[in-house]
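Participant: Per this note's numbering, residue -10 is the first one in the first sequence, and the count goes up by one each step.
No lab work stands behind these hints, which were simulated from the structure alone.
Be careful, since some hints might not be right.
Said to hold, decoys possible - The calculated DSS-like cross-link candidates involving lysine-lysine, where the alpha carbons are at most 25 angstroms apart (straight line), are:
#1 K40 / K80
#2 K102 / K40
#3 K31 / K55
#4 K104 / K55
#5 K94 / K40
#6 K94 / K104
#7 K102 / K80
#8 K3 / K40
#9 K2 / K40
#10 K3 / K31
#11 K55 / K80
#12 K2 / K31
#13 K94 / K107
As the list claims (entries may be wrong) - What follows is a set of in silico ranges between Cβ atoms, one per label pair, in the way DEER data are often shown:
#14 R27 / T99: 17 to 23 angstroms
#15 N76 / G34: 34 to 40 angstroms
#16 V1 / S60: 36 to 42 angstroms
#17 K102 / L32: 37 to 43 angstroms
These numbers were taken from a predicted model, which means no experiment stands behind them.
Note that CB positions come from ideal geometry on N, CA and C, so glycine has one too.
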Amino acid sequence: MGRQPCCDKLGVKKGPWTAEEDKKLINFILTNGQCCWRAVPKLAGLRRCGKSCRLRWTNYLRPDLKRGLLSETEEQLVIDLHARLGNRWSKIAARLPGRTDNEIKNHWNTHIKKKLVKMGIDPVTHQPLNKEAKAEQTSSPAHHSADNHITENSSTTPTEDSDLLDAICNDEALLNSLWLDEPPLVDASWSSIPAGESDCNISSFPSWDNCSWLLDSQDFGVNDFGFDYLNDIELNTMNTLEMCDKTVA
DNA sequence: AACCTCATCAACCGCCGCCCC
DNA sequence: TGGGGCGGCGGTTGATGAGGT
């Protein structure tokens, strides 16, 4: 029936990734860049599906990922974007540098949904759950009521956060662009590497000269520390650096 | 200490749309 | 132009840990 599976199921490993597999995948992408995910498992020596490799990389190993809970500003932004875009997690994630669609989706399902219900807002429609809201429904778009509720219930939000959110929410050009396939509005993490620091042969990546920290500290994203830390790490990771260099060479 | 329940999140599955031939 | 291949997306699952009894 239907289409063929994305990869040969025989001999394809599933389940959680091991550190060894992560290393192989990182090394391969450092060397070759992101290309032809289907071929990656074979070339990288992994018994994994190409999709699995892509997912592992984009959701966990990518160096520009933030880890940890979403900040209040990010959460508010997710709520507002969801009110306008619905479950288009990738579109929403594109507006939150360092966050993945999977992460946002998970956070939505585990935290924000409950939060909204607690606030009396339907997380699907962003309309008030009580009936008196029905009149309002006819006169105002979904995002307006959601905005109002969120604003009313976020008295603890710092002023600058509100300003940022307002600026984003009121920027019609930005919102319109969400429907287009424009590049992210803000994604400094890939472009913040000062010129000259990157000797890497992967032009679209930030500097990977000091990448080997990743092999030992994969549970953290670059943004947990800021890029400056890379220089400090360099001194402490010379041994693993050598390993990385050998692999690249 | 042992068991149970719930929450979290990494990973998988299947569908869709784009691109190329 | 349509069929196949591939990447990407969103929904869902299941392993694991935390908290409660």
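Participant: Confirm or reject each hint.
Facilitator: A quick look at each hint next to the structure:
no., hint, result
1, K40 / K80, "20 angstroms, holds"
2, K102 / K40, "28 angstroms, violated"
3, K31 / K55, "29 angstroms, violated"
4, K104 / K55, "22 angstroms, holds"
5, K94 / K40, "18 angstroms, holds"
6, K94 / K104, "14 angstroms, holds"
7, K102 / K80, "18 angstroms, holds"
8, K3 / K40, "11 angstroms, holds"
9, K2 / K40, "12 angstroms, holds"
10, K3 / K31, "15 angstroms, holds"
11, K55 / K80, "17 angstroms, holds"
12, K2 / K31, "13 angstroms, holds"
13, K94 / K107, "19 angstroms, holds"
14, R27 / T99: 17 to 23 angstroms, "32 angstroms, violated"
15, N76 / G34: 34 to 40 angstroms, "36 angstroms, holds"
16, V1 / S60: 36 to 42 angstroms, "37 angstroms, holds"
17, K102 / L32: 37 to 43 angstroms, "40 angstroms, holds"
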